[in-house]
Amino acid sequence: MSVTSSKSAANSVSSILNKTGLRTKLIAQRNRVSFQLPNNLEQILLTTGDTTANKAYHNLLCILKDAVIKDHELLLLLDEFRQCIPHLNTFHSIIIEALLAIDWIERPPDVITAYKIFFEDLISVHVGHCKLAIDKLVLYLKPLTPDDKEWPDCEPTEKDKQRLENIHDIFRKLLKMVPMSNNLLFQALSSSFPYMKASTHAHEIYINSLLKVTEYAPELRSEILSLIINKLLILDVHAPRALLTKEDEDDDDEIFEIDQLNDKNKKIHPIGHTLDICMKIMLKYIKQFCHNKDDVNDVIDKDKATIIYYEFLHIFDKLILPTFASHHIQFIMFFISSLNGGLLDGFLTYLWQKVINVNVAPVLRKSAVSYIASLLARGNFITIIIMKKIIFDLSDWINKYIEIYDNKQDLSIDPKIHTVFYSTCQALFYIIAFRCKDFIGNKQHITFLDNLKLNKIISSKLNPLKYCLTTVVDIFSKVSNNLQIAYCSSIIERNSRTNLPVIHNQHCFETLLETFFPFDAYVLQESSQLILPLYKAYESIFNDKESDDDDEDDDEEDDDEEKEEENDVDDFIMDCSSPKDKGSWNARDKLLCSTSPGFFN
1 MSVTSSKSAA NSVSSILNKT GLRTKLIAQR NRVSFQLPNN LEQILLTTGD TTANKAYHNL
61 LCILKDAVIK DHELLLLLDE FRQCIPHLNT FHSIIIEALL AIDWIERPPD VITAYKIFFE
121 DLISVHVGHC KLAIDKLVLY LKPLTPDDKE WPDCEPTEKD KQRLENIHDI FRKLLKMVPM
181 SNNLLFQALS SSFPYMKAST HAHEIYINSL LKVTEYAPEL RSEILSLIIN KLLILDVHAP
241 RALLTKEDED DDDEIFEIDQ LNDKNKKIHP IGHTLDICMK IMLKYIKQFC HNKDDVNDVI
301 DKDKATIIYY EFLHIFDKLI LPTFASHHIQ FIMFFISSLN GGLLDGFLTY LWQKVINVNV
361 APVLRKSAVS YIASLLARGN FITIIIMKKI IFDLSDWINK YIEIYDNKQD LSIDPKIHTV
421 FYSTCQALFY IIAFRCKDFI GNKQHITFLD NLKLNKIISS KLNPLKYCLT TVVDIFSKVS
481 NNLQIAYCSS IIERNSRTNL PVIHNQHCFE TLLETFFPFD AYVLQESSQL ILPLYKAYES
541 IFNDKESDDD DEDDDEEDDD EEKEEENDVD DFIMDCSSPK DKGSWNARDK LLCSTSPGFF
601 N
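Per the UniProt record's numbering, the sequence shown starts with residue 1, numbered consecutively.
Hints were generated in silico from the structure; no laboratory data involved.
Some hints here could point you the wrong way.
[To be verified] Restricting the straight-line Cα-Cα distance to at most 30 Å, the calculated cross-link-like pairs of lysine-lysine (BS3-like) are: (1) Lys70 x Lys116; (2) Lys173 x Lys197; (3) Lys65 x Lys136; (4) Lys131 x Lys70.
[Unchecked claim] What follows is a set of in silico ranges between Cβ atoms, one per label pair, in the way DEER data are often shown: (5) Pro533 x Met180: 25 to 35 Å; (6) Lys453 x Asn357: 18 to 28 Å; (7) Leu139 x Lys197: 34 to 44 Å; (8) His58 x Tyr216: 33 to 43 Å.
From the three backbone atoms N, C-alpha and C, an ideal C-beta is built for every residue, glycine too.
Turn these sequences into a full structure, and let the hints guide you.
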């Protein structure tokens with residue numbers, strides 16, 4: 001062989017090593033300490049104060065940290081250390097830490113079993129090592145490599161399931177051996193929760209593992225669920241609807257088949273995708289929790305559903321309700337409310353008690369009434385009986401409020417003082433406007449609406465039509481006029497004339513009202529599969545009238561609507577397409593297109 005060819009071959013080998021990373025691995029292996037189990041392990045542990053023994057102790061530590069330990073060698077090592085467990089007190093915490101850091105989770109079953117036995121024996125004798133041991137174990141509740149792919153349908157692969165089950169098996173036995181270890185376990189789980197920008201797979205493994213812990217440690221369920229929701233709220237506020245829908249938009253109106261085939265390759269918002277997968281895991285967990293595994297009839301277990309309801313209601317009260325900028329996490333309560341009529345009634349009662357309690361902060365009272373309005377509007381599981389009950393409670397409270405303030409002399413209207421009143425009025429108008437089709441064709445329902453004294457409400461000195469969201473007022477005006485239950489046109493016209501010189505003040509107050517519709521526009525794709533069957537899109541009562549118009553007028557009106565939407569994508573009245581096209585929309589389109597308050601014209 002020529003010198004040139006020799007050099008070429010050498011360069012080729014070097015190139016391959018550099019390219020594949022083998023060079024780094026080979027160098028690392030060459031520098032690793034070869035494993036050699038000391039013959040006098042017990043003596044080394046007993047005489048650590050002696051100078052000679054210190055050298056042997058140091059060598060032992062180096063072997064544990066740096067040696068490449070094969071499976072059969074690890075079995076011998078664990079057997080030797082098991083015999084010395086009485087001597088492995090807290091003075092030897094460095095040795096214990098090195099032992100716990102040994103890679104064991106992907107070893108053969110006999111090695112894993114031996115390691116678990118050593119682990120359990122160690123903690124049963126020396127409880128002081130419990131925190132260190134738990135901290136090390138929790139680190140295994142994450143992907144083993146950064147390249148690990150997401151689970152299909154959020155379900156663990158068999159390999160991951162077995163790996164994680166080994167960790168949970170140790171946790172179970174720890175909690176039995178050391179009753180106070182549940183606090184240590186929760187602290188470790190809390191401190192090791194993946195950071196917001198960690199991979200989606202890291203989040204799904206960790207949350208799945210946390211929920212698994214709640215199965216054998218129900219005393220930790222409340223704390224663990226609070227931890228998860230708190231972390232998901234952080235994701236939620238960093239993934240607003242507008243940003244997620246912007247990622248999903250196409251430049252063309254028509255989506256070609258090839259685009260549908262390559263839909264998974266589209267750019268997605270990383271935090272939004274992580275939130276989506278986590279929401280799917282949480283909703284599936286709730287559904288599974290509320291069903292008995294052996295029940296083939298898929299019947300809700302009322303006792304279990306009640307347990308999970310109160311767990312999440314407490315979390316909602318402490319974390320979700322005070323968070324104004326959340327977009328999707330509150331749908332957990334939407335989902336739970338759909339499981340059982342008793343849970344729905346309980347949630348609505350809880351919210352209503354917040355609204356009427358004067359000792360509650362006004363911002364929370366306004367938020368609570370927004371939740372009531374949005375839940376009644378969007379839940380297709382809301383019966384007409386429940387709807388009428390809530391509408392009556394809202395109108396009754398409003399009328400009593402008006403009686404108090406309309407009888408006062410020299411009433412000066414400061415909208416900031418009456419924000420809860422205006423928010424409640426807006427909720428009433430919104431529910432009637434959004435669910436108007438439920439009342440059509442039934443004289444009893446129309447009579448019920450007619451007895452709410454809506455004309456008294458809209459004509460009161462507090463003038464709610466002036467301070468409610470313009471979109472809600474306009475649609476409510478059309479609906480109430482159509483049903484002949486109230487007549488708002490003259491008041492709206494008068495308000496518009498009054499507001500002309502100070503229109504900026506009106507705009508400022510609209511932000512004061514915090515027009516929050518918490519159950520609008522669920523735009524997370526994966527988890528929407530569980531929300532979509534429960535979600536109600538707006539059904540206008542004016543479509544039939546519009547369809548009778550002249551075709552040319554329709555076309556001109558449709559063009560105007562499309563131009564209006566292009567000029568203002570955040571318009572509260574969605575003109576996503578012409579009335580003719582809306583019949584062909586599927587539920588998914590309506591779910592994604594609807595923005596607050598979700599009216600379709």
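Each hint tested on the structure:
no., hint, result
1, Lys70 x Lys116, "17 Å, holds"
2, Lys173 x Lys197, "33 Å, violated"
3, Lys65 x Lys136, "15 Å, holds"
4, Lys131 x Lys70, "27 Å, holds"
5, Pro533 x Met180: 25 to 35 Å, "44 Å, violated"
6, Lys453 x Asn357: 18 to 28 Å, "24 Å, holds"
7, Leu139 x Lys197: 34 to 44 Å, "19 Å, violated"
8, His58 x Tyr216: 33 to 43 Å, "40 Å, holds"
The structure does not agree with the numbered hints 2, 5 and 7 stated previously, though it agrees with the rest.
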